[in-house]
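> Chains as they are written, first to last, in the numbering used here: chain A, 1 to 370; chain B, 1 to 540.
Derived from the structure by calculation, the hints contain no laboratory data.
A couple of the hints might just be wrong.
What the hints assert, rightly or not - Here are the computed lysine-lysine pairs in the PhoX-like style, where the Cα-Cα straight-line distance is at most 25 Å:
id, chain 1, residue 1, chain 2, residue 2
1, A, K243, A, K283
2, A, K294, A, K349
3, B, K471, A, K32
4, A, K39, B, K507
5, A, K107, B, K495
6, A, K89, B, K494
7, A, K114, B, K476
8, B, K190, B, K390
9, B, K495, A, K24
10, A, K21, B, K494
Note that the coordinates shown come from a computational prediction; the quantities given were computed from them, not determined experimentally.
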Amino acid sequence: MVERKSSIETYSMTPKEDLIKLAKEVLVQIDKFENPDIKLPIRALSNIYFDEKYNLIRLGGKMSHRTYLNVAHTRKFMQTLMVAAECKKIIDQGVTISIRDLYYALKRTIPETKENTFEEQEESDPILEDIEAALNTLRERLHLKADRKGYLAGPLMINDSGDEIDGSRMGSSGWAIPSNVEPEIIKLDNRADFVLVIEKDAVWQRLNEDKFWKKHNCIIITGKGQPDRGTRRIVNRLHSEFKLPIYVLTDADPWGYYIYSVIKQGSINLSFLSDRLGTPEAKFIGLTTADVKKYKIASNVTIKLNQGDIKRTNEMMNYVWFKPKEWQAELKSMLELGIKLELEALSSKGIKFISETYLPDKISKKDFLP
Amino acid sequence: MTEAPKTAQQMAEQREISISQFFEKNRHLLGYDNKIKALLTIVKEGVDNALDATEEARILPEIYVKVEELEKEKYKIIIKDNGPGILKKHIPNVFGKLLYGSKFHRLKQGRGQQGIGISGCVLYSQLTTGEPTIIHSSIGDGKTLKYTLKIDVKSNEPKILSEETTEDGDNKWHGVQITFIAEGLYREHKQSVLEFLKQVAIANPYAAIIFDSPNGRMEFKRSASTLPIEAKEIQPHLDGVEVGILSRMLHETKARTCASFFATEFSRIGKLTADSICKLAAVDPKISPRKITQEDVVKLSKATKEVKLTRPPTDCLSPLGNELIESGLKKELSPEWISALSRPPSVYRGWPFQIEVGIAYGGSITEPAVMRFANKVPLLYQQGDCAITKAAMAVDWKRYGVPGDKLPEGPVAIFIHMASVWVPFTSESKEAVSSYDEILREIKLALQDCARRLSLYLSSMRKAELIAEKKQTFEKYAHETAVAIEELTGVPAKKTKETIMKLVELKWGEIIAEEQAEDNSNGVNGSQKEEVDENGGEEE
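Based on the provided sequences and hints, a complete structural model is requested.
The following block contains the structure:
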């Protein structure tokens, strides 16, 4: 296993002071009658690079300039300071609010106009990410949290701010993974042998009902589609703290493969958090187009690729982190066969095929993609 | 009972009617279809004559018009000018005989061209009220002649009821004053005396006009003190002369040879061109014009189409010129933008003509208007039949940023003037111009050219609006920005907001300059965009 630098210490521990500094710098420019300029790391494909040493997507050094005297920027400039001010306020009050609360706390009509400061949450969320990236901090340190999305079940003891939770006694629903799973709040005590991350909630429920985690002594996790930060962070911690192997199970389509890559290497958008959210040692267990042949899956449960799938697959073939030859071969095979496959397609072989045949077979044969 | 057949002799007698009798029955042909229009026609004929007379004498016109209601639908109409006056011997015929006048036979641009306008008014007055027309005239010799006359309808001859001469004393003037008493109806709508005089004032900004209407006095002040260039008489131009006319002219000419016929009877034809026409038609240039066969006339006519002709002389035309058009539009409409242009002279059927247009936009103009003029006379009726309207409708106004289906909508006034030695009216009442291709084309070209200028102005206006919007953007976000800064730093929002506003003011010039520089260099939308997430929609 590659030794990774411990990430936590590299983040700012003084977010409130940083927020104030941001505003003071703006004020200094205004007082000098200069066009005020907030420098923000560019969070886009043009400013990320693949760190081959750690196998992580990382944020580059390019900065964008958000200036007040540019009509394309003025509104966002105002919004940036508004979000910063609200964060400072809730830090002062010692409360934690959701990113939806933040949106409503800041939404109001601009005096003498019919325009709102924020029209929808899709406007405030990226501004918050801008601030996180600019201040090199975490939203949790800014007292903000997102809605929970992920679930977990398996032999894992969790201590959430003093409350003891047994991951193997969560019934049919599982433990809802909170937004903030940093060690100062969530303490983990592991008894499992590996972690299975599943793209789809329905498949997670199937495995939970079959007590797959009990039979195989593992932790099953779903992020319900693209996993949120809490889910990715818990996967990251389970690996780094307990050296657990991480296996990822998604649909055999470009979107499923991309979910895997986000769990493994981090995302473009949150590339500044890859150290904490990425788990480079994760392995892809399935599905693959090769499984169709291997497990004799009927061709009538495969789905034809559409234009969007083909375009996305071609794009992904060019990403550095899909360059390993196994992935190039899989993506190529997908394009050649012109098909994709949903996890539920395995049910055509019997409802318990996935838990009793497919997964045990894959794990025992170590039939993974890197 | 059977009717006895008429003899040819009897029938011939029955047909012999005077022109006056003819118009007595067909007064709509002269513009007396209804009472409202009748009043307008009388004023129009009087004012046309006044302007023609003053202009020809190179006098800056001062015109007085009065319309007074005597009783229900009975009006007294006075038109007075400061022209040269009319010689005593001409007065009875000018006013008391239809088709009198030398203008019909000459090729020179003027308002009147038929010799029936003013005598038609005399006829209409006596037909509707039985009242004679009173004419005062002075040639500036200290005496004023006063005639009271009617028209003898049967003989189309003046019937003088009284004639007197008075000494002016110290109050010397020259000019003509006509007083009619006629049936009519005074209204102030789009086709009224008032609208007519307003448009006269636009097209003749060197004229001062005072109008005493039944509703009070209206003054149209002079805004230019130069008259348009004087029109000269010319010969016909070969372009567009048809076989029939050519044939008639060949028989009427005093020229001795075919070649000299072309060289002397037509404008801008020299000996060389005359010879080449004969050569092309294979007609002996030395042959006597009267001996040319009909077959050869056809050949000659064809040959005239093949030789390169010099444009007709333009000094026969009296265009207004851009300055006068703009001056007239400015003083009567007070627009925010104005442009005028004249096309080079052109020819239809051998008659030189010239199109001038003006477009006025915004300001006190509130609704669209298409103002048609022929030899500086406003045309208020039969808009739909007029070549001017048709040509204006053929312009794709939307292309020039002017909304509207066929004609422009919004605050746009269009001025179109056709100057010609002979305007091809569709009828004797001179209300609409016939749609000759050459005329339609010239009007359309002129309007397109002028509309292009308007579109430049409109787009610069829109640009200015965008710039103003930009400034508003900077100002509207200042408040919330300042409030956020107060939360973060404790510096009062009021102070920060004021500083931001001041910053916007200070940097404004720079921002606009950059804007224009960017515009000039790439033409695409100015402000550079922040880089956006190319991988959108992946997270939470």
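> Given the hint that K39 of chain A pairs with K507 of chain B, test it: the Cα-Cα distance must not exceed 25 Å.
holds (20 Å)
> Keeping to a limit of 25 Å between CA atoms, is the pair of K114 of chain A and K476 of chain B held or broken?
holds (11 Å)
> For the pair supplied as a hint, K495 of chain B and K24 of chain A, confirm whether the alpha-carbon distance does not exceed 25 Å.
It holds: about 14 Å lies between the C-alpha atoms, which stays within 25 Å.
> With a cut-off of 25 Å on the C-alpha distance, tell me whether K21 of chain A and K494 of chain B pass.
holds (20 Å)
> Is the Cα-Cα distance between K89 of chain A and K494 of chain B 25 Å or less?
Given that 25 Å is the threshold and the Cα spacing comes to 20 Å, the pair holds.
> Quick one, are K107 of chain A and K495 of chain B close enough, alpha carbons at most 25 Å?
holds (23 Å)
> Against the 25 Å threshold, does the CA-CA distance of K190 of chain B and K390 of chain B hold or violate the hint?
Holds, at about 19 Å.
> Does K283 of chain A sit within 25 Å of K243 of chain A, going by the straight-line distance between their CA atoms?
Holds - the C-alpha atoms of K283 of chain A and K243 of chain A are around 13 Å apart, at most 25 Å.
> Taken at face value, is the distance from the CA of K32 of chain A to the CA of K471 of chain B at most 25 Å?
holds (20 Å)
> Between K294 of chain A and K349 of chain A, does the CA-CA distance stay at or below 25 Å?
holds (13 Å)
Checked against the numbered hints given earlier, this structure breaks none of them.
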